[in-house]
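2 protein chains.
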Amino acid sequence: MAGYTVSFLPNEIEINCDSGTNLLELAADAGVEIKAVCGGAGSCGKCQVIVKEGKVNKLDQGILSPDKLEQGYVLACKAEVISDVVIEVPPESRLSKHQILLDDDMGDGEYLTEEDLNIDDRVELSPLYQRLELELNEPSLVDNASDLERLYTEINRDRNLPDLKTPLPVLKELASHLREYDWETGVSLAAVNGNYEVAELSAPDDENSDYGIAVDIGTTTLALNLVDLSTGKTVAMEGAYNKQANYGDDVIGRINFVKENDGGLERLHQSIIKSINELIENAATKQGIEHSDIKTAVFAGNTTMAHLFLGIDPNNIRLDPYIPTLNFIPPVRANELGINIKEESWVYCLPGVASFVGGDITSGVLATELSKQDKITLFIDIGTNGELVLGNQDWLMTCSCSAGPAFEGGGIEYGMRAMTGAIELFDIDEETYEMKYSTIDDAPPIGVCGSGLINLIAILNEVGIINRSGKFDSELEHERLRDRDYEKEFVLVPKEEAGIDKDIVITENDIKNLLRSKGAIYAGIRMMLRNMSLTEDFIEQVLVAGGFGNYINLDDAKKIGLLPDLPADKFKFVGNTSLKGAKISLLSKDAFDRVEEIAKKMTYLELSAEDQSQDFMDEFVSAQFIPHTDLSLFPSVTE
Amino acid sequence: MAGYTVSFLPNEIEINCDSGTNLLELAADAGVEIKAVCGGAGSCGKCQVIVKEGKVNKLDQGILSPDKLEQGYVLACKAEVISDVVIEVPPESRLSKHQILLDDDMGDGEYLTEEDLNIDDRVELSPLYQRLELELNEPSLVDNASDLERLYTEINRDRNLPDLKTPLPVLKELASHLREYDWETGVSLAAVNGNYEVAELSAPDDENSDYGIAVDIGTTTLALNLVDLSTGKTVAMEGAYNKQANYGDDVIGRINFVKENDGGLERLHQSIIKSINELIENAATKQGIEHSDIKTAVFAGNTTMAHLFLGIDPNNIRLDPYIPTLNFIPPVRANELGINIKEESWVYCLPGVASFVGGDITSGVLATELSKQDKITLFIDIGTNGELVLGNQDWLMTCSCSAGPAFEGGGIEYGMRAMTGAIELFDIDEETYEMKYSTIDDAPPIGVCGSGLINLIAILNEVGIINRSGKFDSELEHERLRDRDYEKEFVLVPKEEAGIDKDIVITENDIKNLLRSKGAIYAGIRMMLRNMSLTEDFIEQVLVAGGFGNYINLDDAKKIGLLPDLPADKFKFVGNTSLKGAKISLLSKDAFDRVEEIAKKMTYLELSAEDQSQDFMDEFVSAQFIPHTDLSLFPSVTE
Ligand code: FES
Ligand code: FES
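Sequences listed follow chains A and B, in order. For the record, in the first sequence the residue sitting at position 390 is 405 according to my numbering, with numbers rising by one throughout. For the record, in the second sequence the residue sitting at position 591 is 606 according to my numbering, with numbers rising by one throughout.
Just chain A, same shape as in the assembly:
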């Protein structure tokens, strides 16, 4: 096969490939991050790139307009390299490097404060990997226990760890180590399967710290805390986009990719491992430590991410009746996964509850101490799936509503993630409908992020441009409102002001998608209340999790009917609780064990089950209005 050179602009990254190579996959290999919401199915249109020089073989490009094709646009996922080519990745197709992850709002990895949550028992430092200093009795003819029994006896002097185990490599050095240090020693214990393992021997009074990592594996973003296990302090934080985004924007896209592509599972598995290893590399370098100083790791992610992280086929997650291979994940050795920390270290994944309520949610329940609250609390994580938890110290119910990726920009023509150039706030003149807006980093606008979209729906409805069904006012005539194929669109930013070479608009279809998303979440909340025979009034506290949550304007969210109409003081934005829970678990064996109890305790409400689905449909339809068909549910908004 002929070898060709492909260069990607603007980054000027060059890579060689064989004839016939898929352009989207090649970009992934080259480290060029291109949006691919549908995972390469050719249906989302997000992977558009421009062929500047050379030729590609165009497969099904049906979704692209003739205009675009004319201008050299192709869907990267449906193009094959057949010559040397120069490819431009336009801004709207890029996964920008601007990361919201490590801003303050992502949490600094510290626990929520007592004041935040009104709970008084905080975690004690007893990490999953901990070092003890021991002084053993010297053996004699009358005290001739073996070295290992002697060690166990001393470990258990003030503890009760009946089932200590020691792997062969440590056994091999035990005798000489104990004698070299004259029966004083440091011993590191790793928690595993309810017991402890003697993971490492060290010199007595060894001053070196052991480190652990807590990682949130989000579908979109990864966040890592490097933690000093002796102090519990986070010493470095790293974040990145999940490189799997090259193979599908949401979990369904990823699962499809695995199903449709030979070796797809391995590819997604390796992609996430590689992403995590890069974060580890960066964090270790910042702190000036070796990989081998990192002795353990706790991961929290949704069920699909956990499967892909472990290299387990997630296919059944998306097929009725939505059964994952496992929810409770046994510890795995780092080297079994290729995670670049100390060899043979144990890696833990927090347990999930069901295919669409994963370890990120149980981690969130731990981090917010929801399961210890007196108050009936609603926990909301708004992402591709809206995951909800309702409960308190006595009971916990959870469900997942397929909100779709609208709030992350998916299915919205100019929707995008919260990155440079995204509009996050609008202001509209009630008379003239002139629009003002602010963008992230004050860059020229290239699209609208989730919080911007919520705000937009709220104000468009408020000034009457759209009605409660999300349709444009049929009476309205305005230069910004114009027809397109079978619908209408409203110009938010004319081409001249935009950072891209097009008008930025919102279409009726976009609005429909947004209302479906918010409706799904609100219907989920209603379903949980129904099943507990409660109403909104009983909710004493609402915890909104996730990086996105922090950006939502509460009033806007209530106005459009995304969040229940409760007093502002009942709401708390709690940040990346998946990461926080992972860190708490890393630092406290008790907390780690508690996540398992939490997962077991949570009642999963399957909204598509026979006894629920009709009610859910009714709720879903009602909730697709602004704010709802039943205005009595939103008294403050409609007063």
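These aren't lab readings, by the way, just hints derived from the structure by calculation. There's no promise every hint is true.
The list cannot tell twin chains apart, which means a pair is met if one copy fits it or any two copies do.
[What the hints assert, rightly or not] Below are the SDA-like pairs computed for lysine to any residue, each with C-alpha atoms no more than 25 Å apart in a straight line:
| id | residue 1 | residue 2 |
| --- | --- | --- |
| 1 | 616 | 164 |
| 2 | 67 | 87 |
| 3 | 187 | 350 |
| 4 | 615 | 174 |
| 5 | 187 | 292 |
| 6 | 180 | 343 |
Chain B with the ligands: place on chain A using the hints.
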């Protein structure tokens, strides 16, 4: 370095080596088995070979007579190759391939019968690795447990295994396997650390058997049973000499080798693994199965063998206060050790009690059900160390007496193991002192094995050639009795009749060594009785274990004062109980667990401890007489 060719006669094995290579080690590499009782220290003189052609560099050969040197003899352990050479290994230096291991007397691997032991509860078949047939409930939207939880639920339907675990490779295939077979499946569970692991999935109604192996790792010999785990039947038996014998005849020799040689530990470790793999290979071939059909393995061996098997330095075993690295050995993966059975299979070692009471003894206690006996029972395993157990269902005491290798031929000029050409029985004319003898395989005599030596001492004393102190009658004049350096020797077989080119003799020093050995064992028995405030009369049953035990003539053994003077019907020869116990453990999880209880229950009597050593010395001195200084202890012998 120049490369030389060394050929070993009589087998005509050739091997190339660098100049300066140690001849004994080279022989080991070539698979030529040479006796090396002292482990290459140059002190035992057992490794003599004859240089037929070429030259070797002779290091310290002090122990060889000028005569021998003249004839071309060298100590292989103290010779380096410096030219092409032809080396003859004389019969007396060979580890012959004649194996006593698999004769009937080694046991056929079946359990002792009820009649043998008067116990009624036999083991139930519940192997450490067992296969279940399960029918799972199909999942639905209202029964949406994960695949793994569903499997666990079904496994636990009639069982109580709270802490099931499943390793990653099995998790990866779980989802597709369950669906392929429509929720019916075979599941194999491996016992590990008190819990069970889901080790393998199989098609429902899979007809293939799973196999396990039970292995006795003796210092001298290895014995393996290949067992069909579904029936409990032994389907193949293999035995071999422990190739480690090339590096030292007894455990102290082996430990010395490890200490004195760089890489010695690895060498001994690999040697035993290789030996075991050969047995596995042979057994698998006989049965026509793959290595991967063998799913688990149980090993029993003394503490030094267990350390070497695991690759753990045994050095502290031989140093006061004689502390092993461990007695209770966690399961290890087969591939961690290089044992060639199914990858990732668990390998179990039976627990020991102390440096000189190992898993072979606890295994023997299990196999003989000693710990369930009403009768006060004495268990004796006569080998390099005499290991003794005294007790019944209420208490168990154990000790080890450094009997030395006399009964295995060590320290006895013409002593040898029970192999072709070994004299096992003498007959002497009371008047003329003419000797008759019978040899193993009726071959020309080349030495005397253990049972022959016991018999010899008995009759020499009986006819008055030696007195009760083991000295030759100072009055006696006979052509067979002659002086040598500082002692006397008695000709057993003149050169003309012998299979070697020398007279076969017994020296006063040989006799001294034999009396030391038997004295050590008898003193051990006395010490245990003393510590329990018992006398010989209280012993209701004596179980003599080990291949060697089977050959001992009971009357001879009582006559020389090796075994207590009790009625013959109190003695049972129980064969290779180490192997039997390993097999029982393999087939019964309960039995396996019971060995651990047995090991914990056994009180170890350290004969060199301050409160014991003086008494032991007294007993030891008294017991070096024939049969003892206190004749009242041997009424039937001396009547
Ligand atoms: S159209 Fe190419 S990734 Fe969706
Ligand atoms: S003298 Fe060579 S091995 Fe003992």
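* So which of the earlier hints does this model not fit? -> none
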